[in-house]
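Residue numbers (the working numbering), protein chains in the order written: chain A, 170 to 679; chain B, 170 to 679.
In short, the hints are calculated from the structure, not lab data. Nothing here was measured: the structure is a model prediction, and the numbers come from that model. Ideal Cβ positions, reconstructed from N, Cα and C, are used throughout, including at glycine. Worth double-checking, as some hints may not be accurate.
Claimed, not checked - Label-pair ranges, simulated between beta-carbon atoms:
| # | chain 1 | residue 1 | chain 2 | residue 2 | range |
| --- | --- | --- | --- | --- | --- |
| 1 | B | ARG238 | A | LEU276 | 22 to 32 Å |
| 2 | B | ASP457 | A | ASP236 | 32 to 42 Å |
| 3 | A | ALA633 | B | PRO213 | 17 to 27 Å |
| 4 | A | LEU280 | B | SER550 | 48 to 58 Å |
| 5 | B | VAL393 | A | GLU564 | 29 to 39 Å |
| 6 | B | ASP630 | A | ALA302 | 50 to 60 Å |
| 7 | B | ARG267 | A | PRO255 | 52 to 62 Å |
| 8 | B | ARG238 | A | ASN430 | 50 to 60 Å |
| 9 | B | THR409 | A | GLU543 | 43 to 53 Å |
Stated by the list, open to error - Simulated coverage check for chain B against chain A, where a stretch passes if three residues somewhere in it have a Cβ under 8 Å from a Cβ of chain A:
| # | segment |
| --- | --- |
| 10 | 187-198 |
| 11 | 222-230 |
Listed here are the chains, written in short residue letters.
Number of protein chains: 2
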Amino acid sequence: MGDHSMASTPQESYEALIARVQEVATLQSCAGVLHWDRETYMPPRGAAHRAGQLAALAGLAHEKFTDPRLGELLAAVEGTDVVAEPESDAAVNARELRRAYDRATKLPRELVEEIARVTSLAHGEWVDARRRADFRIFRPWLEKIVALKQQEADCYGHEGSRYDALLEDYEPGATTAWLEGVFGPLRDALVPLLEAIKGAPAEPDVSILARSYPVDRQELLGRVAAAAFGFDFQAGRLDTVAHPFCSGIGPGDTRLTTRYNERDFGDAFFSIVHECGHGLYDQGLPADHWGTPRGQAISLGIHESQSRLWENLVGRSLPFWRYFFPIACHVFPEALGDVSLGTFYFSINDVRPSFIRVDADEVTYNLHIILRFELEQALLSGELAAADVPGAWNERFTAMFGITPANDAEGCLQDVHWSGGGIAYFPTYALGNLNAAQLFAAAREAIPDLDEQFARGTFGDLLAWLRENIHSQGMVHRPPQLIQIVTGKPLSHEPLMAHLRAKFKPLYGL
Amino acid sequence: MGDHSMASTPQESYEALIARVQEVATLQSCAGVLHWDRETYMPPRGAAHRAGQLAALAGLAHEKFTDPRLGELLAAVEGTDVVAEPESDAAVNARELRRAYDRATKLPRELVEEIARVTSLAHGEWVDARRRADFRIFRPWLEKIVALKQQEADCYGHEGSRYDALLEDYEPGATTAWLEGVFGPLRDALVPLLEAIKGAPAEPDVSILARSYPVDRQELLGRVAAAAFGFDFQAGRLDTVAHPFCSGIGPGDTRLTTRYNERDFGDAFFSIVHECGHGLYDQGLPADHWGTPRGQAISLGIHESQSRLWENLVGRSLPFWRYFFPIACHVFPEALGDVSLGTFYFSINDVRPSFIRVDADEVTYNLHIILRFELEQALLSGELAAADVPGAWNERFTAMFGITPANDAEGCLQDVHWSGGGIAYFPTYALGNLNAAQLFAAAREAIPDLDEQFARGTFGDLLAWLRENIHSQGMVHRPPQLIQIVTGKPLSHEPLMAHLRAKFKPLYGL
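My request is simple: use the sequences and hints to build the entire structure.
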């Protein structure tokens, strides 16, 4: 981490730039450990001190990344031979650092620290509010967070839409208008499919998933699945939290989390497979480029495509369960001994309106996202006050799904994201579903016997395809470009709808 | 964490100084979380990345603490009204910051980062070497560490003894000569007591401690004891590691660790009580002064007095077991159902030469320290090469204890300290024993019915006495001064020897 302040050639400037950027990434990765620890093992009374630690690290990382000297080094690299080849490591790094530097230098350090401090405290309040199903506990914190995110959006600058300004953090290049252009046709196609399923004669027996599945054996089964998919437990972990996530701390250290419910087979299992998909991406990023854009995940929408691909396209597929159902029966003989593969497969693919996004099926899931996408825009523009969120949530939810949350815990308090400042984050989940289906269709073309491989418990060809086409690429391309290159087409709702129709119409006898 | 660069009055300078010092402490406390995580939950392949994280944090903290502006602020405070009252918070902070600043500014950042990097890697090599009982794996790392610590000592400067220069980090004001003056009479008094015990007719039945004690119930019993002593588990944790330690991360976050052996009752139990003693000190430090000397532990020798006091003076005492033995019998009815209190009490106070320091009894323990104290001086002066450590260790050990380690794991590889750069750390363990006995004698004078309280399971008066006299004091006094103030006498080997004679002579029928 030398300074190389005396850098005089473009190559020396580039090396000095990278050293500085990696120092910032190291501080952020220290914060990653502290975040993970906060969710998993930190004692309750440590929350205030942890907020101070995270604020200090965020402030310091921001200060170092926005140091004018870093901007000078970047400028000394741009337009030189070092970055002449557009998809070279150096060109990718310079391009993405320019984007990030220009954004970061628009934020004052005080705002960065205040957001880190407030969101760290807000997290505990959200946990408490959710446990008590009482939005009033969380309301003042949501107010503070919305105000801070409005300030943040205004610092970035925008052409009328604060939402656009924040989206850029999660999905570079995405705009509210573009999302509406993708989500609109998706909703228009989902609603009739859902209506058809609601009216279908067939119905799965979901009660088998609510039998007794002892937690320690759920954990074992989840570990077996993750290891079968290729997750390296020598370079990763699995722990228990309130709201599952995956933390890619650095090379050799990728951490999955989940939560267990003895009376719900799917809750932990599919969240482990989901987080494992994220983890496989992190474990597949080029370690040599760690701490630079060339070694980083391209966007949340692509990250989520990896989790959704493994969770839904693999983990909820019939070929996978041809292999895995006998293993599950062996682990849970009491619960599954009298269940057929077909019955089980239908039960884990139950489609029906429900309150909790993370438990939603493949058909209704994106409708949950569209609701949040709309509410967040209203919150950020100021049309909707934080205090009015529960009412607005329930009203829209009822209109969309035909059912009404009984309390805030199964309504607007269910998700961790807002407490962490993650406004404009939700749309990337729907993008993840769209990307996953389109990428999986391409993988299937490249590996024609994918179903037979899954049925044998072989996932290495799929992982290798993802490693080559997605994971190893880091930020070489922008998300829409990557989808175009890998699948030969721009992103569309059609592959996802084709998958849903091909899967659910036969299941529901339509 | 504002800069206050425009500070113009001494009070403003003081506030700016404290803000900077607390920022440094925050970075160090982030490193504390990363260290704890490395020992408890980090996946094996994360070691290299973790070394980089810890090196960056150590380098950054060092850079910030040695910033000339901090020195200017300190100078602008010294000699002013702000620090006129010698034992005021500000005076204590200025005095101790001057000492620390003068030391830290003598070390180049490159050396600080290199020590952090090498010791972080060396840790994993030590774990491996110890597991394989093969010193050759660790040898090159010990060589590097000794060379780095020699450099460090030379940077600090000394009058011929590099050991003095390093001691200052752990026990401010202690010198090699002073330690020899305390340890000499101690050894001279210990050896005849040990000889008498070795020749005594009575012998405890230690086989009862090697019965089956299921690990989950050992953990439960340890938690019950720690909670009874006053450890706040809402502000702390207990986890499992290879080498037990206590990590005081910050207000509300103090973490104990231990290790379990189903066939050894004492291994986990007394290490939990020991670490709990450290944890009670950390939980009792004044939170308002966190990050400044006024809120910090005074020295390792005083810190260790707290762990030893709870472990030995309380945890191995007959009054404590009058209260706790029925609880232990309830938790382990199979192992302890046929054992009397007297038999049990004798078994946990078995005195005999043994290989492993942390398992050593109260009588032999300090001889283990004296051996390390001698070897470390030879290593640091260059008289002893790292490669010759196993031979030198075994030779001295045999001369001192009459038994010879069968391999390096039960010899020179047993302790984690050297792998972490902790040379000159061991003497503070013996100081801890001496301080503990002298402080406990004073507590007993202040609370005449202490034994009766223990037998009732009441430890609050003792904890309150420690809180008032030790914990809440932070660094107000230097260690010898604190002992003088609280006990009315300078530190001496006599209280420890009086305790050992009063306890072990009757036990062994002498």
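For each hint, the structure was consulted:
1. B:ARG238 with A:LEU276: 22 to 32 Å: Because 25 Å falls inside the window, the suggested range holds.
2. B:ASP457 with A:ASP236: 32 to 42 Å: Given about 33 Å between the Cβ atoms, the range holds.
3. A:ALA633 with B:PRO213: 17 to 27 Å: Between ALA633 (chain A) and PRO213 (chain B), where Cβ atoms are some 24 Å apart, the hint holds.
4. A:LEU280 with B:SER550: 48 to 58 Å: holds (54 Å)
5. B:VAL393 with A:GLU564: 29 to 39 Å: violated (52 Å)
6. B:ASP630 with A:ALA302: 50 to 60 Å: Taking Cβ atoms as reference, ASP630 (chain B) and ALA302 (chain A) lie about 43 Å apart, which means the hint is violated.
7. B:ARG267 with A:PRO255: 52 to 62 Å: holds (56 Å)
8. B:ARG238 with A:ASN430: 50 to 60 Å: holds (54 Å)
9. B:THR409 with A:GLU543: 43 to 53 Å: About 48 Å separates the Cβ atoms of THR409 (chain B) and GLU543 (chain A), which means 43 to 53 Å holds.
10. 187-198: Answer holds; 4 residues pass the 8 Å Cβ test.
11. 222-230: Per the Cβ count (5), the hint holds.
Hint check: violations occur at hints 5 and 6; the rest are consistent with the structure.
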